[in-house]
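> Next come the chains, spelled out residue by residue.
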Amino acid sequence: MSKHIRILSPCGMLGYGFPETSFLNGLKEEIHGIVVDAGSTDAGPHKLGAGVPIVSRRAAKKDLEILLKNGVPKKIPIIIGSAGGAGAKPHVEWTLEIIKEILNENNLKANTAVIWADFTTEEILQANKANKINPLSSNIPELTTSQIEDSFNIVAQMGHEPIVEALEQGADVIVCGRAYDPSPFAAVGAFHQKDLGLSYHLGKILECGALCAEPGTTKDSILGTIHEDYFTVESLNPKRKCTTISLAAHTFYEKEHPYILHGPGFTLDLSECEFNETLPGVISVKNSKYIKNDQHRIKLEAAKLVAYRTFVIAGIRDPILLGSIEDIEDIVIQQVQDYYKEIPQEDYQINFYNYGKNGVLGNKETTAFHGHEIGVMFEVIAKTQELATSICATVRSTFLHYGYENRKSTAGNLAFPFAPSDVEFGPVYEFSIYHLMEITENPFRIEFLEEVLQ
Amino acid sequence: MTTLFELAKVLRSKNSGPFEITLDVLFNSKENYFRVKDAGIITKSLIADLYHISEQQIHHLVFFDQALGFKITFARETSSGTVGDRDVYGAQQHAPLMNIIIK
Chain P
1 MSKHIRILSP CGMLGYGFPE TSFLNGLKEE IHGIVVDAGS TDAGPHKLGA GVPIVSRRAA
61 KKDLEILLKN GVPKKIPIII GSAGGAGAKP HVEWTLEIIK EILNENNLKA NTAVIWADFT
121 TEEILQANKA NKINPLSSNI PELTTSQIED SFNIVAQMGH EPIVEALEQG ADVIVCGRAY
181 DPSPFAAVGA FHQKDLGLSY HLGKILECGA LCAEPGTTKD SILGTIHEDY FTVESLNPKR
241 KCTTISLAAH TFYEKEHPYI LHGPGFTLDL SECEFNETLP GVISVKNSKY IKNDQHRIKL
301 EAAKLVAYRT FVIAGIRDPI LLGSIEDIED IVIQQVQDYY KEIPQEDYQI NFYNYGKNGV
361 LGNKETTAFH GHEIGVMFEV IAKTQELATS ICATVRSTFL HYGYENRKST AGNLAFPFAP
421 SDVEFGPVYE FSIYHLMEIT ENPFRIEFLE EVLQ
Chain G
1 MTTLFELAKV LRSKNSGPFE ITLDVLFNSK ENYFRVKDAG IITKSLIADL YHISEQQIHH
61 LVFFDQALGF KITFARETSS GTVGDRDVYG AQQHAPLMNI IIK
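Sequence lines, in order, name chains P and G. Going left to right, the first sequence walks through residues 1 to 454 as the numbering used here numbers them. Going left to right, the second sequence walks through residues 1 to 103 as the numbering used here numbers them.
To be clear, the hints were calculated from the coordinates, so they are not data collected in a lab. The beta carbon of each residue, even a glycine, is placed where N, CA and C say it ideally should be. Just to be clear, a hint being listed does not mean it is correct.
Cβ-Cβ distance ranges computed for the label pairs, FRET-style [unchecked claim]:
| # | chain 1 | residue 1 | chain 2 | residue 2 | range |
| --- | --- | --- | --- | --- | --- |
| 1 | G | T43 | P | N139 | 15 to 23 angstroms |
| 2 | G | T43 | P | K408 | 48 to 56 angstroms |
| 3 | G | E77 | P | I260 | 23 to 31 angstroms |
| 4 | G | R35 | P | E277 | 18 to 26 angstroms |
| 5 | G | S29 | P | R407 | 30 to 38 angstroms |
| 6 | G | E31 | P | I320 | 49 to 57 angstroms |
| 7 | G | R35 | P | P141 | 19 to 27 angstroms |
Reference excerpt, derived from the structure (chain G facing chain P, CB under 8 angstroms, subset only) [as the list claims (entries may be wrong)]:
| # | residue |
| --- | --- |
| 8 | F5 |
| 9 | E6 |
| 10 | D24 |
| 11 | K30 |
| 12 | N32 |
| 13 | S54 |
| 14 | H59 |
| 15 | F64 |
| 16 | T73 |
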């Protein structure tokens with residue numbers, strides 16, 4: 001109970017890579033858990049919808065190999081949060097396959113547990129019917145039956161509870177499906193009966209790797225230690241340093257509120273936190289409060305396929321064309337609609353992004369344009385790939401040859417960097433479920449893989 | 001005349017989930033932090049003007065003294081990564097804050 005619990009976070013995202021020397025510096029001390037987050041919704045709904053990973057298999061294997069080869073022989077539990085990027089079944093299976101390969105290649109044996117985070121359409125339909133599901137924020141619509149039925153890969157973010165259970169059952173390696181990012185870290189603290197407020201706040205800091213240090217990066221290792229009534233964080237690379245401000249500031253990161261954080265079944269109140277430098281580069285944090293919610297809610301996530309896309313990237317340098325670019329783009333849309341009279345206009349959408357002018361902020365850009373060239377990206381979004389590609393080809397040829405007023409460059413309007421110019425993007429997804437669901441018992445199923453070694 | 005950009009150490013934007021953008025402004029001295037906080041010009045109304053959104057779309061505007069920083073979180077008009085979104089990570093939405101003039 002009184003011992004100090006050390007958690008090693010190798011990097012901010014499994015597959016991002018990290019200096020092996022930093023990681024090995026961490027292993028010089030007794031470590032109670034190597035924990036790495038592998039998931040994010042940052043890259044949009046595509047990974048979840050399509051069931052594909054964020055990082056390459058090569059990169060994931062490179063990182064996992066270091067963790068398993070060092071951690072397994074020392075009997076240090078290795079926990080992977082939100083496996084494969086989105087933590088749904090295909091992502092978890094992808095991760096397990098890589099782990100199996102590494103264990104076999106290195107003649108290692110590890111008692112491996114999987115915690116699934118998937119939910120069936122039927123389970124969500126029933127929970128919705130029972131009024132147990134609500135939108136996460138005011139700008140998310142209520143869930144409808146058709147929205148649920150159209151969703152792929154429904155997952156929920158797990159808290160520390162099922163991970164602690166897997167640790168109690170003696171797991172050496174734990175592969176979590178979708179998890180609240182700090183949960184796999186907090187689970188190590190909770191398993192050793194440490195304070196949950198400290199464990200979760202530390203998890204919030206460690207899940208991004210060395211991003212809380214200066215200079216910050218997700219591609220380096222960081223060490224957290226939980227004591228009786230405080231925790232400390234320190235860099236494992238002499239090139240970086242943690243400061244009271246870098247740690248306090250990291251508490252801000254990616255969250256909606258600077259000091260009130262909502263997790264599965266609890267609220268973390270960090271308003272009274274104190275950050276102190278106890279030793280040079282070792283920052284201690286206290287007064288992180290864990291408040292258990294009366295109602296246990298978990299965050300559901302799912303994506304649905306909304307359309308198909310084909311796009312083109314081109315440069316524009318002609319000053320006359322640049323002078324009335326938006327008007328010309330409107331005319332191009334008009335001409336394409338006239339050409340495809342037989343296709344209902346609601347079946348497709350043509351969008352222009354004028355990079356160099358207002359590509360990022362769109363119609364909210366307030367700075368006046370004064371460049372001499374822009375990059376134009378146009379896309380056609382349609383019900384089918386064939387329709388998107390057909391219409392995009394017409395947009396491209398119409399734009400390329402459109403004879404605007406005062407034109408002298410009658411050979412063509414677009415500088416394509418690639419041939420062919422038109423790129424079939426494939427399906428486009430949308431986060432269709434991002435809601436809170438009330439639960440009364442642990443819905444996350446733990447499975448032990450009996451024999452990993454072949 | 002000093003801009004927020006000149007006073008801040010970190011001035012960034014990011015998604016806080018796929019349905020919100022969060023803006024973080026952090027300082028490396030109490031002096032600069034309290035100069036901005038006490039000027040009282042960082043208000044929901046100013047942010048709504050800068051981002052062409054309504055004040056109701058702003059979910060939070062909070063100063064956190066321990067971190068020498070403040071945070072603004074507002075609703076995304078298009079959720080991250082779907083049709084019509086221009087910034088999947090929400091990482092380039094901070095620029096309009098830079099030129100706020102602090103007395």
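> Once the shortest beta carbon distance from G/E6 to chain P is found, is it less than 8 angstroms?
18 angstroms, violated
> Is the distance from the Cβ of G/S29 to the Cβ of P/R407 consistent with 30 to 38 angstroms?
Once the Cβ atoms are compared, 56 angstroms apart, the range 30 to 38 angstroms for P/R407 and G/S29 is violated.
> Does the closest beta carbon of chain P sit nearer than 8 angstroms to the beta carbon of G/N32?
12 angstroms, violated
> Is the interface hint for G/S54 satisfied, with its Cβ closer than 8 angstroms to some Cβ of chain P?
Hint on G/S54: violated, closest Cβ of chain P at ~11 angstroms, above 8 angstroms.
> Measuring from the C-beta of G/T73 to each C-beta in chain P, is the shortest one below 8 angstroms?
Given a least distance of 4 angstroms, the restraint on G/T73 holds.
> Should the hint that G/D24 touches chain P count as held when the rule is a Cβ pair under 8 angstroms?
5 angstroms, holds
> Classify the hint on G/F64 as holds or violated, based on whether any CB of chain P lies nearer than 8 angstroms to its CB.
4 angstroms, holds
> Could you say whether the range 48 to 56 angstroms given as a hint is met by the Cβ separation of G/T43 and P/K408?
51 angstroms, holds
> Tell me if G/H59 is really an interface residue toward chain P, meaning its C-beta lies closer than 8 angstroms to one of theirs.
Holds, about 6 angstroms.
> Per the CB criterion, is G/K30 less than 8 angstroms away from chain P?
10 angstroms, violated
> Can you let me know if the beta-carbon spacing of G/T43 and P/N139 is within 15 to 23 angstroms?
Holds: the Cβ-Cβ distance is about 21 angstroms, inside 15 to 23 angstroms.
> Return holds or violated for the Cβ distance of G/E31 and P/I320 against the range 49 to 57 angstroms.
51 angstroms, holds
Hints 5, 7, 8, 9, 11, 12, 13, counting from the list given before, are not met by this structure.
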